Amino acid sequence: MKSILTLLFAIALLQISSAQDVLFNETVNSDSVIEKNGPNLKHYKHPYIGFGFAATQSENKSSNVDLGLSSNFIFGYRTKLKISNFYAIGYDISYNLSWYRLSQTNDKRTPDSLQNDKERLTFHNFELGLYNRFNFGKRGNIIGKFIDLGAYADWTFLCSHFTKNKNDANDNIYKTKVTHLKYYEAFNYGVLTRIGINRWVVYANYRLSDLFKSSYNYAELPRLTIGVQIGLHK
Amino acid sequence: MKSIKFTLFLLLSITLSSNLFSQNNYWVFFRDKKDVTFNPYEYFDSKAIDRRISLGISLYDSTDFPLNNNYKKSISSLCDSVLNESRWFNAMAIKANGFQIETIKTLPFVSEVQLICSYLIYSSYNNDFDTTAISTDSSLIKRQTETMGGSLFIKNGIDGKGIRIAIFDGGFPTVDKNPVFEHIRKDNRIIKTWDFTKNKEFVYSYNVHGTMVMSCIGGMINGVKLGLATGAEFLLARTEVNTEPYSEEVNWLAAVEWADKNGADIINSSLGYTYHRYFNNQMDGKTSLVSRAGNLAARKGILVVNAAGNDGDNKWKYIGTPADADSVLSIGGIDPYTNYHISFSSFGPTSDKRMKPNVCAFGSVIVAKKESIGSSQGTSFSSPLVAGFAACAWQMNRTYTNMQLFSELEKSANLYPYFDYAHGYGVPQANYFTNKTNTTKEPTFTFKTEDNELTVNIEPSSLDSNKLFYYNIEGTNGLLKEYYVLSVNQKEVLKLDLSKYNKGDIINLHYNYYTSTYKIK
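From first to last, the protein sequence lines stand for chains H and W.
Per the working numbering, the first sequence runs over residues 1 to 234.
Per the working numbering, the second sequence runs over residues 1001 to 1521.
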């Protein structure tokens, strides 16, 4: 007990003898350095998410999709290098999940002519996009209003074909998922455009390359995707 | 391939044409005020004329002349609508599309066209200030004025009588019936009101922020003053649109001219513009139109008091505009429970390295709300506390010009001549104005240097653990390098290793109204 008291006394004494008890301090020089990272500064990086839909129909009826149910989800990271107040360049790296709900019609031929209750093709991609950004209007350290024009390239690391059918005789539901498909191209590319105000962005991607290998003679799935993105930043 | 080209063409056309046809707001500046007539006795309120005469300011300053009517008609016919006009800047704020603005630019009497950023702008009070916690903490009510020595004004019957204060804010709900303003209404001391966002007289609705601000200037409940200028006259301008804390810069410009015309002696503005439109390095008091307008108002004899801003604890950190203008009295906030910088209060200096804020006051206060008295935080409330104080000081010394008063307010502050970029010169003190015989401050501490170490000792008779010790390191260029606030727990308050600093640097030390300096040799 005595030793504890001695220790407490020593600590108290140390506290009292400490000459300087700083409540508040500021260092001006280091704080005044002009920043280079910011929404309208030299460099800026931020994550973003997006959701879009196939906006046009497939090449022909053999590959038709249900438009409202064919969509894509994006989660990515965007970087920007400001060249001038009007112009910037940048790139995006993203994970892009696209799924196409295939219409079950008599014309259907992709990937086969079988009719299912539900059927879709899903593409898991890593995407690299390069863009030119044209900014409009006077602004401070915010993204502001802009139009992006650029191109993208996708690497499809996983593609699956999903079907779902109900057996009316016994009410069983049969789901199939087929991977390691041979008929899709692992790499594809296209052009992109975006219109945005700060974090709110409307985007359109147009795929220039074919999604299916030419040897399979499948009609191309919708090339145009339109959707919204939200920049995850201030 | 044809369809690709078509799609791209379509997208590009839509975006470009939408830009040309979309409407934006612009300032259109005129080259001159040719052929205009101006009668100051018709235009100005008698109080504005008195102010000009007493300050030796010409009644025929060309910045007060109206805009050329023919120019106005031409612009009006070429744009979609006129938002506002500024005599001071010889400009019209209009709404127009790209084609219209291109035509307007070619007019021979147009000197410049500037796009008005339509982003909503952050006002100077904190997003998360407390609007719910209702408090009847009478101790804080008294301390928010007493920390400035307010009782000395009260004892001498000084309450800002005869001083006209314009308040720019987002709305003034219940000011027309709230008991906190009964003494003002009873004497018809709300002289004029104008809602610049709707162009009408009614301002007693919308955002309660203006009500809270006004209570910190001249509110009183059960005989207890929330602000010191309970006898002042008021001009209430609603300048902020949408829900607080956003605002439009155009309305601020219009309101400042309105305040001048209607005889304002003091303008309190608890808003500021920061990152939406500007960068830190543009906070130089010259770049923004509002800071130039603030300086122009000062040139016309008005004391402009503006909140420093509430960005001290976020990335922006520094003061906004118009608090950056050299003739605008910028007010920082202190914590009533610690008596030093409150975390959110924006820091100086300006980007061109001038000291800001100028002075400070409580940043956590008791205010009048719509139907109650409650607590709130923000430099929005530090600013009106000082505006009310300034009205009292001006009432006592009516011969001061606005800029003399500005300087005297700084000199009256409790840290003066010591300053830093968080507190300015500290909190203004009434005894500076009521006690004319300023006595020399007795030293409250001594210091010595030995082995390149500076040691500061508090005089035993001055030792008070409730007082704070301040010191800063000033470079040879006059710019502070570092500044500190220390608690005083013992006689030996500071030991400083001088080897860290450069030859010629000055160490400024302050404790209990006494300031001393040491130059490093």
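Rather than coming from a laboratory, the hints here were simulated on the basis of the structure.
Small disclaimer: the values here were computed from a predicted structure and weren't measured.
Hints may contain errors.
[Said to hold, decoys possible] Reference listing, derived: stretches of chain W covered by chain H, where coverage requires no fewer than 3 residues with Cβ under 8 Å from a Cβ of chain H:
no., segment
1, 1265 to 1276
2, 1396 to 1404
3, 1416 to 1427
4, 1491 to 1499
[Said to hold, decoys possible] Here are the simulated lysine-lysine pairs, DSS-like style, with alpha carbons at most 25 Å apart:
no., chain 1, residue 1, chain 2, residue 2
5, W, 1095, H, 145
6, H, 138, W, 1317
7, W, 1261, W, 1200
8, H, 138, W, 1286
9, H, 45, W, 1441
10, H, 234, W, 1317
11, W, 1073, W, 1034
12, W, 1286, H, 36
13, W, 1033, W, 1072
14, W, 1467, W, 1491
15, W, 1261, W, 1353
Even for Gly, the Cβ is constructed at its ideal location relative to N, Cα and C.
Quick rundown of the hints versus the structure:
A stretch counts as covered by a chain when three or more of its residues have a beta carbon under 8 Å from one of that chain; for the segment 1265 to 1276 of chain W and chain H the count is 3, and the coverage holds. Requiring three or more residues with a Cβ within less than 8 Å of a Cβ of chain H, the coverage given for the segment 1396 to 1404 of chain W is violated, as only 0 such residues are present. With 3 residues bearing a CB less than 8 Å from a CB of chain H, the segment 1416 to 1427 of chain W meets the requirement of three and the coverage assertion stands. Coverage of the segment 1491 to 1499 of chain W by chain H holds in this model, with 4 residues showing a Cβ closer than 8 Å to a Cβ of that chain against a need of three.
Restraint check for residue 1095 of chain W and residue 145 of chain H: satisfied, since their Cα atoms lie roughly 18 Å apart, inside the 25 Å limit. Between residue 138 of chain H and residue 1317 of chain W the alpha-carbon distance is near 22 Å, which keeps this suggested pair within the 25 Å criterion. Distance restraint check for residue 1261 of chain W and residue 1200 of chain W: the Cα-Cα separation of roughly 17 Å lies within the 25 Å cut-off, and the hinted pair is therefore satisfied. This hinted pair checks out: residue 138 of chain H and residue 1286 of chain W have alpha carbons roughly 17 Å apart, not beyond 25 Å.
With a CA separation close to 54 Å, the supplied pair residue 45 of chain H and residue 1441 of chain W exceeds the 25 Å bound. In summary, the hint linking residue 234 of chain H to residue 1317 of chain W is supported, as the alpha carbons are separated by about 15 Å, within the 25 Å threshold. Note on residue 1073 of chain W and residue 1034 of chain W: the hinted pairing holds, with a Cα-Cα distance of about 14 Å set against a maximum of 25 Å. The suggested pairing of residue 1286 of chain W with residue 36 of chain H holds, with an alpha-carbon distance near 23 Å, which does not exceed 25 Å.
For the hint pairing residue 1033 of chain W with residue 1072 of chain W, the CA-to-CA distance comes to about 11 Å; that is within 25 Å, so the pair holds. Restraint check for residue 1467 of chain W and residue 1491 of chain W: the C-alpha separation of about 13 Å stays at or below 25 Å, so the hint holds. For the given pair, residue 1261 of chain W sits about 33 Å from residue 1353 of chain W by alpha-carbon distance, which is inconsistent with the 25 Å threshold.
Comparing the model with each numbered hint stated earlier shows that hints 2, 9, 15 do not hold.
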